[in-house]
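Enquirer: So you can see what is in the structure, the chains are spelled out below.
Number of protein chains: 2
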Amino acid sequence: MINTLYLPELREMLSANNADGLRDFCEAIHPSRAAEFMAGLSASESWQVIQHGVMEDRVDIFSFFGKDKQYEILENEPLASVAAMVAELAPDDRVDLLQELDDDRLAELLKLLPVEERRDFQRLSQYPEGTAGAVMTTEIAKLSESLTIREALNEIGRQSETYETIYYLYIVDSEDHLRGLVSARQLLAGMKQPETLLHEVMETNLVSVDVLDDQEDVAKQVAKMNLLAIPVVDNQHKLLGIITHDDVIDVVQEEATEDAHRIGAVDPLDESYLRTSVFTLTWKRGIWLAILFFFALLTAIAIREYETEIEKWVWLALFIPLIISSGGNSGSQSATLIITALSRGHISLSDWLRVVFRELVMGLLLGAGLAAMGLAASIFFVPPSETFISASLFVVPLTLLLVVLCGTLTGSILPLLFEKLGWDPAMMSTPFVAGIVDILGILIYFKVATIFIA
Amino acid sequence: MINTLYLPELREMLSANNADGLRDFCEAIHPSRAAEFMAGLSASESWQVIQHGVMEDRVDIFSFFGKDKQYEILENEPLASVAAMVAELAPDDRVDLLQELDDDRLAELLKLLPVEERRDFQRLSQYPEGTAGAVMTTEIAKLSESLTIREALNEIGRQSETYETIYYLYIVDSEDHLRGLVSARQLLAGMKQPETLLHEVMETNLVSVDVLDDQEDVAKQVAKMNLLAIPVVDNQHKLLGIITHDDVIDVVQEEATEDAHRIGAVDPLDESYLRTSVFTLTWKRGIWLAILFFFALLTAIAIREYETEIEKWVWLALFIPLIISSGGNSGSQSATLIITALSRGHISLSDWLRVVFRELVMGLLLGAGLAAMGLAASIFFVPPSETFISASLFVVPLTLLLVVLCGTLTGSILPLLFEKLGWDPAMMSTPFVAGIVDILGILIYFKVATIFIA
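Chains as they are written, first to last, in our numbering: chain A, 1 to 454; chain B, 1001 to 1454.
FYI, nobody ran anything at the bench for these hints, they're computed from the structure. Be aware that one or more of the hints could be misleading.
Derived pair list, reagent style BS3-like, types lysine-lysine, alpha-carbon separation capped at 27 Å [said to hold, decoys possible]: (1) B:1220 <-> A:224; (2) B:1420 <-> A:69; (3) A:67 <-> B:1420; (4) B:1142 <-> B:1069; (5) B:1420 <-> A:224; (6) A:220 <-> B:1224; (7) A:447 <-> B:1312; (8) B:1224 <-> A:224.
Excised from the complex, chain A in its bound form (with noise of 0.2 Å):
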């Protein structure tokens, strides 16, 4: 939602040039807030009211506008300013952001920074998408084990500005191997006895990550930990950079969304909704629809099979709808259960056998229910001149109470079984479920209806 409230101020300012005016704007205001009343101003509006601001305002700021505000700031604004900001940014922010910018706008934007900002941009840029060093940020606190408290103190005192995190303190050895933790807490907690090496009370037992190792594994085990931030090393335990607790959210957030996406029948997308173009959503889109659409063929054969049966009591057609819709949907509630319980760790394969009886029960329940509703459907629908009356009464509740059962199963077992293969339970995505659910419905349907009216 854009916020209007200060809108009219912003541009009477802007246009009046009122220096004092935006400078204190940039400053009074917590910068998220700053940026949500700056989303009705363009993005050249909003790239000269931070122009006001001093430059820690200006990036914070910045770094809480939207995506797409972003990019169309970096894209056309003047590069000398534009550079000095970058240079500014946290490392693993500005990696996201410059690599989605054009080859040469890239090129030109990299020659303006630092020497120091600019091998950093090459080295996490060189990590695939989705890893552990694709998200690290590398300003960390790095601290030699030979340290006393007092003197770890007076250095992160003076450098405590160009950390992302002081509140751990990583100890490494001459050669930048990963030895051990200090908390700030810690740290505190030690000042009565200032002269005591760090490496006496550093924690040695800690947990660290590669910088291989995919970002959503890293997140559960943060998430799972509590940690404020975790370390990411090299295969020779070299620290090369931490993961911070907000990044972390970040990446649950994201992997929740692919998730949904899966489950949706979407293949995830790489940008938010709005910065993909419609031909690749339409893609992503097409398909799963193509595959889904196969299956669905599938049905008009099963169906053909009982032309004559539909010839001879057309009411049989009016529940095809019916059947198959309330197959498919247990069906996409057992695989959504599933597939999040999955993935928040509260079941797990060794839970097989109790989720298949949970299931099943539930599908017996929910069967009988529909069943039931299915009976009374059919004194309505199923036309009373049937020689066969009573039987063909029974044809859609015992097909009904098949097919919620059939769709239970499948869709616990099947997310289950990709889990078990190790693939991503929720490929097993809630449309394809309900397309093999919709094929035995099919089959059932026509089955029971031949055995009891023919």
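Here the structure of chain A is known, so what remains is to put chain B in place on it, guided by the hints.
Expert: Here is chain B on its own, set in the frame of chain A:
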């Protein structure tokens, strides 16, 4: 997945009553790992193991056990030792756990808690589930604004073990009104002027939330602003507690799961899948299945209007599942995309025209693609003996185009409409969208059929 690496050793140490070995185990391994290694042990065995650790390790490891194991321990192990540990848990976790106990056991346990923890429980448990009050922690570092930096550092050094986080220090007046915030980073950087008053360095422009605010809104705010913690105040701006980054990750995961469940047409669960009884689950699924059943009944009514057409052209029945599933799937895709984009803040209501236009274009492209496949299928399935052969070939393709278009528009407009009305867009679950598109699909199908071949 159950990690069985240490299981035999643990069992052996337990049966040999090897106190040293078990204490080492509790001490040397990260508590989350230790809890993992114990996943294969029963609740009672796990409790025996951690009894050998010091209280701090005991609490840490216990808090990483699965909910089931935690409850089993709380219900069944000796009251006195359980109470001693419960007294040491973080206040917010304590409330979550104790609220699940049966009333008698809870009353007995509360009697054994120190008076402060008991009051704390009673205060926290009064806030409704899902509010900031229910997830906040009350163990916070509160400092008076009249302290100097030196005094503040000493105070924290002394107290650091009792606080949940020392990285943000909250400054209050004599009546606990929240006045400002000093970060540990600022304190460390300020050690050069140790006599400065906190009052002079504190940040006064801070974001707080009301104790009755929705936890989802709070989580979004913390995630957006990259905060480590956010203060929780009452309506007089008195500081009651804080919500920390790890609680936020929990809330983000919980809310993503809730959204996924709503999208999958399951009423969100209050507890994890395995802890929810089969009957509760059946109910939470059953109400939605019943609602969707009535939607599907409408398709039966629609089809009945065309019974004579089906009798004449039985092949029309073959394509019923294909058509409704194509419409349903494209509608589900749109709904999933729009719901996740809304909840991530990637689109807002003001984008509605752009969103609908994009979905219109995608509907036309995807519809055209499926229509081409539908034409091929028609050549194969539509009997060549038909009199109006050339026209009837186009019934299915044209229907598919219209139905897919109808799906993308319904799937995008309904969630936007729900958002506009202030309802949860995820309520517009994809099966619900599919249900609506099913009916429209049937109506379109037979309308097109009667126009083309009648």
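Enquirer: All hints, please: hold or fail.
Expert: Results of checking the hints against the structure:
1. B:1220 <-> A:224: holds, 20 Å
2. B:1420 <-> A:69: Given that 27 Å is the threshold and the Cα spacing comes to 25 Å, the pair holds.
3. A:67 <-> B:1420: Holds, because 24 Å separates the two Cα atoms, which is no more than 27 Å.
4. B:1142 <-> B:1069: violated, 34 Å
5. B:1420 <-> A:224: violated, 36 Å
6. A:220 <-> B:1224: holds, 20 Å
7. A:447 <-> B:1312: Satisfied, since the Cα-Cα distance of roughly 23 Å is no more than 27 Å.
8. B:1224 <-> A:224: holds, 21 Å
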